[in-house]
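Q: Chains as they are written, first to last, in my numbering: chain A, 1 to 470; chain B, 1 to 430.
Covered, in the sense of this in silico footprint (three residues per stretch, anywhere, with C-beta under 8 Å from a C-beta of chain A), are these stretches of chain B:
| no. | stretch |
| --- | --- |
| 1 | 61 to 71 |
| 2 | 119 to 132 |
| 3 | 140 to 146 |
| 4 | 159 to 170 |
Label-pair distances were calculated between CB atoms; the ranges are:
| no. | chain 1 | residue 1 | chain 2 | residue 2 | range |
| --- | --- | --- | --- | --- | --- |
| 5 | A | 80 | B | 6 | 52 to 60 Å |
| 6 | A | 456 | B | 253 | 29 to 37 Å |
| 7 | A | 410 | B | 161 | 19 to 27 Å |
| 8 | A | 155 | B | 314 | 21 to 29 Å |
| 9 | B | 153 | A | 190 | 40 to 48 Å |
| 10 | B | 161 | A | 395 | 15 to 23 Å |
| 11 | A | 413 | B | 187 | 35 to 43 Å |
It should be emphasised that the hints constitute simulated quantities derived from the structure, not laboratory data.
This one's a predicted model, so the numbers in the text were calculated from it and none came from an experiment.
We put the beta carbon where it would ideally sit given N, CA and C, even for glycine.
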Amino acid sequence: MMPHRRVFLTTLVSVAAVSFAAGRLLPKREVATPVLPGAPEAQRHTPESLPPSDLGIQIADIAALPFDQTYASFKSTSPETLRSYCKQLQDIPVRPKRQAALAAFFKALIHVDPGLAKDLILQLNKADRWTALFAIRDTAPPRSMQAVAEVLLTYDRADISSCSWDMLADTLDEWGHSDPLALKQFLENRGDQDVERYYGELVRNWAAYDPEAAQEWMNDLIARRPPSPELENGGSELFEEHAWRSSVEEMLTAWVRGFLEHDADAAMQYVLVNVATPQVSNALVSFAGELFAMSPDRARDFIHRLPEEQRPRAIDGVAEKANAFVRSNARDNSTSPRFVAEWMLQFPADVWEGSISNVLHQWKAADAGELLSWMGDLTAETREAVVRRFPTYVLRETAERDFASIMQARDAGLRDVLLEKLMRGASDAREAMIDVLGRSVLPAAEQARLAAMIPMPSEVMSVAVDDGSE
Amino acid sequence: MWLVLAAACFLVAPLAFAIGRIGAPRPPDRSIEHALRSSEVRAPETRGAAAGPDDFANIRIENLCDVGFDQAYQLLRSAPREALTTWSRRLEALPAGARRTAAVKTFFKTLAQIDARTAVDLALALDRHDPRWAAIGSVSNAVPVAELPEVARMFTALNEKVSVNDLIGTWSRSDPAAAAEFLAAYPGDVENEDVASLMMNWAALDPAAAANWLAHAEPKRRVPETYASFYAGWVEHDRAAAFADLAARAGDETFLKAIETVAQNLFTESPDAARAFILALPAGAGRRAAAGQITGYFSRVYLGSDPLKLKADEVSKWLLTLPDDVWHEEIGQVISRWRRDDGAAVEAWLAQTPFAVRDRVLASYCRAFDWDEPSTGFGAGFAISDPHLRRETFRRIFADMTEEAREALLEKIELSPAHAREITSVLERL
Chain A
1 MMPHRRVFLT
11 TLVSVAAVSF
21 AAGRLLPKRE
31 VATPVLPGAP
41 EAQRHTPESL
51 PPSDLGIQIA
61 DIAALPFDQT
71 YASFKSTSPE
81 TLRSYCKQLQ
91 DIPVRPKRQA
101 ALAAFFKALI
111 HVDPGLAKDL
121 ILQLNKADRW
131 TALFAIRDTA
141 PPRSMQAVAE
151 VLLTYDRADI
161 SSCSWDMLAD
171 TLDEWGHSDP
181 LALKQFLENR
191 GDQDVERYYG
201 ELVRNWAAYD
211 PEAAQEWMND
221 LIARRPPSPE
231 LENGGSELFE
241 EHAWRSSVEE
251 MLTAWVRGFL
261 EHDADAAMQY
271 VLVNVATPQV
281 SNALVSFAGE
291 LFAMSPDRAR
301 DFIHRLPEEQ
311 RPRAIDGVAE
321 KANAFVRSNA
331 RDNSTSPRFV
341 AEWMLQFPAD
351 VWEGSISNVL
361 HQWKAADAGE
371 LLSWMGDLTA
381 ETREAVVRRF
391 PTYVLRETAE
401 RDFASIMQAR
411 DAGLRDVLLE
421 KLMRGASDAR
431 EAMIDVLGRS
441 VLPAAEQARL
451 AAMIPMPSEV
461 MSVAVDDGSE
Chain B
1 MWLVLAAACF
11 LVAPLAFAIG
21 RIGAPRPPDR
31 SIEHALRSSE
41 VRAPETRGAA
51 AGPDDFANIR
61 IENLCDVGFD
71 QAYQLLRSAP
81 REALTTWSRR
91 LEALPAGARR
101 TAAVKTFFKT
111 LAQIDARTAV
121 DLALALDRHD
131 PRWAAIGSVS
141 NAVPVAELPE
151 VARMFTALNE
161 KVSVNDLIGT
171 WSRSDPAAAA
181 EFLAAYPGDV
191 ENEDVASLMM
201 NWAALDPAAA
211 ANWLAHAEPK
221 RRVPETYASF
231 YAGWVEHDRA
241 AAFADLAARA
251 GDETFLKAIE
261 TVAQNLFTES
271 PDAARAFILA
281 LPAGAGRRAA
291 AGQITGYFSR
301 VYLGSDPLKL
311 KADEVSKWLL
321 TLPDDVWHEE
331 IGQVISRWRR
341 DDGAAVEAWL
351 AQTPFAVRDR
361 VLASYCRAFD
371 WDEPSTGFGA
381 GFAISDPHLR
391 RETFRRIFAD
401 MTEEAREALL
411 EKIELSPAHA
421 REITSVLERL
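Based on the sequences and whatever the hints tell you, model everything.
A: Printed below as a string of structure tokens:
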């Protein structure tokens, strides 16, 4: 009986082991694709078989669905059905619900079929089109960026840009980060759509990957259409000529910045050798700023190797990196105003004095108390230079805040000299500043003395005219 | 005995198979591995054979933006949290530049859609400023609506002066009460425009709840800007009730901006709807503010694009369907603009304008004369049939001018002897 029992148990264990191993090792089938709730499995490919009312209720709730579910469903849905979904979403009467649903719909669709997303967006009304555009712009993966750019190109350029921002430029730049060659193709195919102004975005990103190819393309372009020289004494010229010259200047600067990203050492050498040429000299400010962002030490060494007359411009680029939103105690504080200011002070005052205003401005906005405390600890000579550049232009709306920030200075001497400077810069906010002084804790005589320092607006103008300065 | 064994095997086999299958780890997609290892963009030394499908550490996450979304999605979806953490750190450590930005954005955009909580945790854990903010921006943009509380958690944890306007605008479309709760507790800067975004959506969905929230909000939130958005939303929900409520407050200056906003929104939707709104208001400042918001597009100077792209001919004709105390000060500016586009059409339209209102239209048109070409506007003035209104129109034009300005203007106008006598007479009585 015993042998039989052993055989029995051995056989049973073997079968179990083989079955377990098979379960573990055999490849799994594709995970079942989730579909929108309520959409019957057998019907999901055939829009005509979907009951419109049921589907309308489901698709209207798309914003509540997890992305996984929407994405998987859309992948197995025909373009016709997706079109019908879009149509149903457009019919949702309550705007916030409609926009929430359209945003969720296009956020998923841009990953599945960017071309269809573009086509459907172009059919939307104006308000809903903005919603859909933002949805795809915010989520598009690199390979869908072309669709975003194509939608943006259908807008009046004034609607998607101003002097300080340009949605199309941002989109092309983001696309260029990952695929400059596709961007090049896109721009070349749309030469008639005023896209030359975006060549800078292309060249910078391309040069970061392949500076030689980017330079060759750029030089060829410039050789075929050399920009006309800038007219002196304000002569008029065709807008196209002016725009092309700006594009060329931007490309040349952008190439140097891209080259820096590709090979910092080679780029530094290139700039040092060619800094006397206008195209490299023009790029120096942004180049130094980018280099500082990569490595403050390398930026310092680079600036020391520059000709003396070029150093203040390079420092200007670094000063522009000071960011009021980066605190001095941040984990990465290399663009905090304090770090930038202290870095600049490694150089002689005549190199940084012209540039430090921006840093002080950022720092004052972020933490005036910290700035004033820092200034109080400077040597007399350095402090004098910093005080000279302390930003004190006052607006009516900021008079109280500007005054209060200077009153934080613990060093009475520093406070007094800054208050006097503030008064001299308060001509445009004269009444507001006098009101602030009147409510301050300063003695009446001091209030009167300071108030007397505030120039009348006309005095400022006449001084400026007399000086021949701005 | 053998039958019993066979039966036991029959029972045990599927059970053991199922246990083995359920416990099996899900391998990453080999095609993703291939793509991430063989990208042409990377230097050759970065390519290499992976140890095995479980070895997420060998994935070249730096090349994530070189693969299609589906591959990136499957990879991040299948990766354990430890791998995601390692990858985000590796991306952060890349040299500054386009490649790092692209990889960070792609990674966080993708992850935010799969697992918002982890995406937020990893973004917050980054140290370096630029990649950290690239990650934060990507997460806040890409997170699905249902996961927006995670973005709220991220902004709260950041403890920075971050604008929450986009978050509020998006969140309040689907859950305004939650967005309001967040705003009330948010330690960062909350601007009235954030509250306005909330009101616009909430009032369109549930005006009673929105009104209740605003009534109990800090006094500094109850300003013209937020009321304007509140009513703009309410009009979408229940036009008649919103009109009636706003009409009852038309005498209160705090609500004039709301009247202007509603009028503008309605006009872009349908001039008839805007007319119905204006007529629902009591006569006076409210009506004039509503019409002035539309006509202002032709008298103000805008930098950048014109958001409404109104047509002067349509607005001129629309104004005449309103009571004349609403338009008689404003219509001239609109006609003046129309004339720049199509002078003949203006002349034809004026000619068929009902006699009862034509003089007042001409008076307004005259007062809105173009300094560079004043003869046309003054020609309209001389066409006014009522002599008293004609003189009064010219008097108003010249009354506030300096002597030099009057002379400069008159030098530009071609006057017949009769018209010159009339103007001289007006000037003598100033």
